[in-house]
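Student: With the hints as your guide, set chains B, C and D onto chain A.
Number of protein chains: 4
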Amino acid sequence: MLKFSVILGNVGQCSDRYMTGGYGRPYEIEELFDRVASIEGVSGIEFVENWQLNDKTVNKVADFLKSYNYKAVAIIPDHFGTPIWGKGAFTNPDAKVRKAAVDKTMHCVDLARAIGCDTISIWNGQDGYDYPLQADYMNAHKWMAEGFAECCDRAPDIRFSLEYKPKEPRVHSFLANVWTALAYCLESGRENMGITIDVGHSLEAYEDVAEAVCTAMARGKMFHFHMNDNWRGWDDDMIAGSVRTIEYIEMFYYLRKYDYKNFISTDQYPYREDSRDAVEQTVKWMQAFEKAAQRIDMDRMQKILDANDAVASTAYMRELLFG
Amino acid sequence: MLKFSVILGNVGQCSDRYMTGGYGRPYEIEELFDRVASIEGVSGIEFVENWQLNDKTVNKVADFLKSYNYKAVAIIPDHFGTPIWGKGAFTNPDAKVRKAAVDKTMHCVDLARAIGCDTISIWNGQDGYDYPLQADYMNAHKWMAEGFAECCDRAPDIRFSLEYKPKEPRVHSFLANVWTALAYCLESGRENMGITIDVGHSLEAYEDVAEAVCTAMARGKMFHFHMNDNWRGWDDDMIAGSVRTIEYIEMFYYLRKYDYKNFISTDQYPYREDSRDAVEQTVKWMQAFEKAAQRIDMDRMQKILDANDAVASTAYMRELLFG
Amino acid sequence: MLKFSVILGNVGQCSDRYMTGGYGRPYEIEELFDRVASIEGVSGIEFVENWQLNDKTVNKVADFLKSYNYKAVAIIPDHFGTPIWGKGAFTNPDAKVRKAAVDKTMHCVDLARAIGCDTISIWNGQDGYDYPLQADYMNAHKWMAEGFAECCDRAPDIRFSLEYKPKEPRVHSFLANVWTALAYCLESGRENMGITIDVGHSLEAYEDVAEAVCTAMARGKMFHFHMNDNWRGWDDDMIAGSVRTIEYIEMFYYLRKYDYKNFISTDQYPYREDSRDAVEQTVKWMQAFEKAAQRIDMDRMQKILDANDAVASTAYMRELLFG
Amino acid sequence: MLKFSVILGNVGQCSDRYMTGGYGRPYEIEELFDRVASIEGVSGIEFVENWQLNDKTVNKVADFLKSYNYKAVAIIPDHFGTPIWGKGAFTNPDAKVRKAAVDKTMHCVDLARAIGCDTISIWNGQDGYDYPLQADYMNAHKWMAEGFAECCDRAPDIRFSLEYKPKEPRVHSFLANVWTALAYCLESGRENMGITIDVGHSLEAYEDVAEAVCTAMARGKMFHFHMNDNWRGWDDDMIAGSVRTIEYIEMFYYLRKYDYKNFISTDQYPYREDSRDAVEQTVKWMQAFEKAAQRIDMDRMQKILDANDAVASTAYMRELLFG
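Protein chains in written order, with my numbering: chain A, 13 to 335; chain B, 13 to 335; chain C, 13 to 335; chain D, 13 to 335.
Calculated from the structure, these hints are not laboratory results. Computed from a predicted model, the values in this text were never measured in an experiment. All clues stand as given, with none of them false.
Below are the DSSO-like pairs computed for lysine-lysine, each with C-alpha atoms no more than 30 Å apart in a straight line:
| no. | chain 1 | residue 1 | chain 2 | residue 2 |
| --- | --- | --- | --- | --- |
| 1 | A | 111 | D | 315 |
| 2 | B | 273 | C | 154 |
| 3 | A | 273 | D | 154 |
| 4 | A | 111 | D | 269 |
| 5 | B | 108 | C | 315 |
| 6 | D | 83 | D | 269 |
| 7 | C | 315 | B | 111 |
Derived coverage of chain D by chain A (criterion: at least 3 residues anywhere in the stretch with Cβ under 8 Å from a Cβ of chain A; other residues may be distant):
| no. | region |
| --- | --- |
| 8 | 138-145 |
| 9 | 184-196 |
| 10 | 222-228 |
| 11 | 310-321 |
Where is the CB? At the ideal position from N, CA and C, for every residue including glycine.
Here chain A stands alone, though its shape is the one from the complex (with noise of 0.2 Å):
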């Protein structure tokens, strides 16, 4: 049985550049929780750090997790929304920032064992370019990996997990796929840094999603996952299962064959829909997708992979969709 959790203020307020006022009401963490636990089949939670989880709001967070008996599944420091982080983060010009960034995640891990969560998902997307000739790429590929590292050693205990991204908020993302993540954890050699997959992001990398979930999981370094759907082109954070039916059969198909352990949380921008409800509707069809896995028989399936078999692969998968 896979485990879905939700990032909390996946039910809260979206704004864009151009309605930077927010689509809708922002809401206060009470409200957050409360409309989170109108959700069935969510049994986890996870912040993002400054926004609902800081120093003020940990103990009431922890208040919360306990009476709602939600499980703290992963924290993303914030790496990307206060100006300091506007030139970067980890790969900041500026040394003084690039200290800021991983002092910022030690604290996010204090804000962990506080709350009994033992992952932290960075996701430095202000580590980046935007125009030719503006970065000096190795550097900061070196300083990356530094930063990277030295948080993984002073925070044994705790999984550091990379959220890559091809672009967005930067026009060119340094954790740009799969691969690169990983090979961020193997020249870095630590156990514990491994990899969030978020579909959206690797969709917008031109990746199958399914051949980049067993891509980290041959390696033990799929920490995370997060889950939307998307056209394509852009992380449109929308509705899992809106858009995608067959691609995400695969993924669950995988995650049930390699039996992924860990939560899969929500990550969504419901900028025009009631929140709560938009993400209702993605743990949905996660619960719908991960019953249609349950339904492939494994040896058929295997027989299909073994022969790449596309005819008899696409014949089984509308036996399962329409009989």
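Tutor: Relative to chain A, chains B, C and D alone:
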């Protein structure tokens, strides 16, 4: 009930720029008809002129159509596969070639009349450009409009259907998307000029195919339809339904809603599959999508659309697929 | 000589969906004018209504225009940044909101007349859809056409210029590319309906911008122009010329060839740069491209285009850049 | 001084999936050498095995190399153009074909030694998949790693250089981007395994090529380089410099900065141009880019990079191009 047809060459051999000699073996026309005949649910045949239909084969083709009881659905003139068209057909810088493009189309009109076909589907894939500052855009646009109009005027009994595509074989095609094709129809004012929507070309143009269908049908311009699948960035010409589910249910919903009467042809390049089997899968998927669309409660769906309610919409789709 | 203008907010502050509070500090109108005034070569200002131009500021703005001797080039009505437009402006499912979209446009007409401006550049970015089976395409298209036509009819002295864009903030925009905008112009038959080409939107739509320019200019429909740069897959709104060289020389060649008389506005989001400096760079690049285009021998280039001679063309461009 | 080479077939004939018989006429080996010889600035030749270099031609080729005084730069084994590889070479589901892929590579090693060449550039373009649930990703990845390692071990005097590409001829290639190739190198630990960066493949993977170059050079893994141009979405294999200017100046800046010593080969498909002339243009553009990069003041540029100063960077580039 929708009517399904097959482009005859689809059940034959494919090559690409690397496997220049072809992935499988070539087939004779007899075999091609035989292969299509073994697929249930097909009632029409579409032809690429020159490849399978020409002066030498036209009588034989007419006989086959009769004996197998197939409707001749459309003819695609060879405006792309003979070296004369290398730098364009209707927009070739050489006036003699531009004239030849029209003459070639009119020759297809003769072939069409000989086999009881009323639709010429023009896919002028070589009309475009590869480089900046290569084409004179205004002249090219004008020549293309004149060529199309001349065809329409010389054969008022025939429907000339423009098949758009954003790129390939040219890096930029002149007839790039559904609105381009529509603008040519509007400016020409010819009743017998319309649009062929190829699903893969539409997706390559970042269209939602259902919107493209509505755009053409609202003006009575949806003359013809080609079916396949891809991963969005390129015209992969795969088995329809092998990737996409909900987008195709949406498309078939609109075909039902606006009562599409013309044929839907498979248009695939099954490089590595048995091409007959790959085409059969597309037909079976289309039947499944048609049935799914018929199960949609039209009032319920209209209420969803009237409210732009994405949450209700995706919930309904999940219900349709997984109960 | 081309005329360059600046969208006033371009020299101000930017935010995005992660850095919701903005990358830099906000600026007052006075400062914004001051910042533009420090850039040589600018003779016009364009406004986003509501953000910098509204009933309260209109007199002040008129004074500034006068004292700095700037032409008021165009006004972009706020059809995208206020929650009422969240699910669309001209195509909102709510008839009252659709009416408000027209009224808002007419309010901008009043503002325009007050500051001596004759162009409303409509960028109805919220008109589109995010999900399959969310929008009723035929209704939406019809409503959009009616809304545009009503504006044109109610202010025959004003030019209404449609700024297309394939996506963002909606995952699919209705007004997707230059041919969409043209089709709306053609079907409306309104003389005062035209097209705003935003370079970045055009590139995002996989257009060669020069071809889009020719498409609009051939019909007298190129009412306005926005300049910036990107890496093709998204509207990155970067400094124009920071990425592209030859495509922009081509574009300026055609502006010269067909004698474009209207303004070119910068349209950028300089998230991390000093926004005044970033805008200045765009102006300087435009001046460089204009000069380069003036150095092109029109006869020599025409011969190249008449022959579709890519080899001669690229050799000529290299000569132009590197001697 | 950079060293430029030509893939011999580049000055010959091209075909695609529509123009299956080729756009121009075919050429004999003698002619191909002659055509290259007429281009100034070329000092090496690269071969596609089977097409121009095989057991029958190897002696003739060796003679030509000698008489024209060309270095044999690299050999690309035919892992893509013969039907046996249709469903993959190193990852073919059939173990016999996988063995054949290694044997084919070792045969190229023999040919390489015979013509004094030390680099095998492996482009295993058929290793990938077209459909969801077609390939067994874990097996395929493992087989590919084993095959590459076996080649490296059996010929320690030869450098095996992996040429990545995200897609085509498969819809998804296993060796998708620079980080994939690097991860294979890292995990294999073989000194003689490295990376071929093809500019067009890199752009297709949404890489900034200069960053990819730095990624490979930082690890001593940049074994080889292929040059061409495209519009980003596809491997258009155009004349290098026909589209891009600043991105290529950036690239040549880094080749200078890190003192790239190996050859740069043209890798083009000049479908509609005289192929010799198209290749010559690429060589001339590379010479222009190299000179431009030499004119860059290394200290001034380093200061810009150290500050991530996009404004100063683009101003410098404009100065370089337009004075």
